[in-house]
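Just so you know, the protein sequences line up as chains Z and U, in that order.
Each number in the working numbering comes from the position in the first sequence (counting from 1) with 32 added on.
Each number in the working numbering comes from the position in the second sequence (counting from 1) with 32 added on.
No wet-lab data here; the hints were simulated from the structure.
Just to be clear, a hint being listed does not mean it is correct.
No distinction is drawn between identical chains; accordingly, a pair holds when it is met within one copy or between any pair of copies.
As the list claims (entries may be wrong) - Straight line, CA to CA, 30 Å or less: simulated DSS-like cross-link-like pairs of lysine-lysine:
id, residue 1, residue 2
1, Lys-231, Lys-209
2, Lys-40, Lys-58
3, Lys-134, Lys-351
4, Lys-450, Lys-119
5, Lys-351, Lys-94
6, Lys-72, Lys-263
The structure displayed is predicted, hence computed values, not measured ones.
2 protein chains.
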Amino acid sequence: MNFENIKKDSVVLASLGGDRRNEALKRISLIIQEKRENIKKANETDLNENRNIPVALYNRLKLSDSKIDEMISGISGLIELDDPLNKTLLATELDDGLELYKVSVPIGVIGVIFEARPDALVQIVSLCIKSGNCVILKGGSEAANSNRYLTELIKEATAGLVPEHCITLLETRENVKEMLSFDQYIDLIIPRGSNDLVKYIQSNTKIPVLGHADGVCHAYVDQVFDESLIKKIIIDSKTQYPSACNSIETILVKRSEAAFIGELMESLKAAGVRVNGCSEIAKKFCIPEVSEWHHEYGDLEVSLKIVDSIDEGIDHINKYGSGHTEVILTDNNESKIKFTSLVDTSSVMVNCSTRFADGFRYGFGAEVGISTNKIHARGPVGLDGLVIYKYIILGRGQIVAEYSGEKSDRFKHARIDKKFSI
Amino acid sequence: MNFENIKKDSVVLASLGGDRRNEALKRISLIIQEKRENIKKANETDLNENRNIPVALYNRLKLSDSKIDEMISGISGLIELDDPLNKTLLATELDDGLELYKVSVPIGVIGVIFEARPDALVQIVSLCIKSGNCVILKGGSEAANSNRYLTELIKEATAGLVPEHCITLLETRENVKEMLSFDQYIDLIIPRGSNDLVKYIQSNTKIPVLGHADGVCHAYVDQVFDESLIKKIIIDSKTQYPSACNSIETILVKRSEAAFIGELMESLKAAGVRVNGCSEIAKKFCIPEVSEWHHEYGDLEVSLKIVDSIDEGIDHINKYGSGHTEVILTDNNESKIKFTSLVDTSSVMVNCSTRFADGFRYGFGAEVGISTNKIHARGPVGLDGLVIYKYIILGRGQIVAEYSGEKSDRFKHARIDKKFSI
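Chain Z on its own, in the form it takes in the complex (with noise of 0.2 Å):
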């Protein structure tokens, strides 16, 4: 692999206005509606190949005709959002004739390393195409022949309207491995799948690391104020999705609302969840006690704990979650006040369920991942997290020396109402 080429062509491509990357994006949908029955055929191969993975496996290799108009609508919604490079973020009059402007740009080269899905392929390319960045995928093996056919569809529609090296395709682990080794010309990574995969990925480079490992997510009742609400809710985060990263783990009630266990517990059998204990409930209700609470089950199973007051609770999420998405159950203001302000997490939900944490729900379009980092971008990463800035000064031969000492009170620092051009 070249990764210079794609470095240099980054450059480039953070250079053409948004309404080349617009054409650029429509060409896009245009092909993939035209070669719709190939795409399927390609699609084919991959599921013939992999008939004995599990069917929720399958059926995301699986590309349906709703899955493919899903992509064209897609599309169409990133081309009507507002370009996100080239905006001016803050424009100063340092002194007479002397201009500063902080101007979003496109971060530069990202690497993307997903699930067996061929819809997420081209859901990632657009999200890039439109932000600026040359894209560097690897998607899963499963789905090998769509992936591979889906990008010599965009690179063909592309050509000529972005540069070459805009999209790559990597198909094996070896270059994955290389990939992660050219820090001077890949910007991040955003690694979408297992919480070993993205460790792996986060201890093997230098390249910053954009994702989350896992997703450890609380309900926390705080007051039984409406107990169909409350079990609704709870009902929906944990098995709406059993193994999305959003979905709860663990449910930790505030001992005042003990009573309530016993309901929620039918409720939770009654939906095939099933419930691990602390010591407490264990015993009480002889079912298995949880031996560890920073566990992700991606399954219908749920650990429980009795928490003695709201402090506890939002302890207990900030030592055991993993910054993800938590929810608290309660009609209490201060709780409520107490709950958002104190869980150090990148979703907090009030009375809904965690599975809103998502790009397409927040209405950001579409999303590149969900991160748990603290910098950067967090929560469902959209476009917003894809880009970043440079500043700017104009000036007309200012020099330091004569704002240097006694003389630095020349600056005026005047925020001014002016977007950055020459």
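Following the hints, put chain U in place on chain Z, whose structure we already have.
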């Protein structure tokens, strides 16, 4: 060191109001004023123990009355700045009674390693308190007494206002090593100092690192439209503070302007700057030839190269530069547009000195460092780079099952003009 306690306290600090954080800053400035003589005494101990360090280092180490005045006025300036926390960055109505907010919050725990400059300690602590971050400090060992005393004073002044572990001073390299291993408790490391230090840290921690290893900055002479202006900017960019990261190391001259080189070299010589050339220039002017273009002299020495075109100049900068600061000298608008758009760097100057790349000069009040990263924060990093955000959804019992599949078009996704509150 008990880093877990610092993490715990960071959550409490994050939840304090802006008035309280400002009050803490005010008390710090008062105690510095009050104990001015004792501070100077502690500093004298450092100065006496380091009589043999180079003059430049000695001057940085020395706390004069005017530096103490600057510390105090710097804190006053910070107090006056808007609170960077609890800003509603985005508010979206997802559906009736289901509102998404994006609210600015501190990053958490930040480790800063800095040079032997006691005034930097006060600046860094003030920026961290203003932005609600717990800070772990390790200053240059030459300033040990000053740093210890200043930390004591700050802790005394802020006791009861901010949590106990808000400020932690590390005194040994072993402590730093230990800190780098605690990625579960520390969210960001900002190393200021030598190239080797920054590279060592980048290679020895999983914690994100913000900063720059080197500053290989360039001046590109595109058009000699005003000889004295161009010479003035180049001399200032090199000599105003030769060891600063934003000083230039390489001058690129477009071949069409080559006639200017002789005159430029004389000016450089008169300013005490040694010049090394590309093979063509080295031969012509009998000066040493440059062997490595990615090189930071940090002294009164510079590399000079002829390039055939602006494209070659930009390629050279993108290949050998460090993404710190570059300047174009020209009166040609097309060249300005090309350079500002294609040079991949954190700060681009048009006809003014590269030395302007600095938090104070940019009007950020102060800076915690300068970053050449491509994510989170780039260029001089002020308060903006010390905050991140949290998503909060306020609901009334909504679950995702009611917004899935065909029902996913129930989302309104309407921007609302509302600040987050409960």
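Hints and how they fare:
1. Lys-231 with Lys-209: For Lys-231 and Lys-209, the Cα distance is within 30 Å both inside one copy (14 Å) and across copies (21 Å).
2. Lys-40 with Lys-58: Answer is within; shortest intra-copy Cα gap is 25 Å, inter-copy 49 Å.
3. Lys-134 with Lys-351: Only across copies: Lys-134 and Lys-351 sit 23 Å apart there, 38 Å inside one copy, limit 30 Å.
4. Lys-450 with Lys-119: For Lys-450 and Lys-119, the Cα distance is within 30 Å both inside one copy (11 Å) and across copies (23 Å).
5. Lys-351 with Lys-94: neither (39 Å within a copy, 43 Å between copies)
6. Lys-72 with Lys-263: neither (41 Å within a copy, 64 Å between copies)
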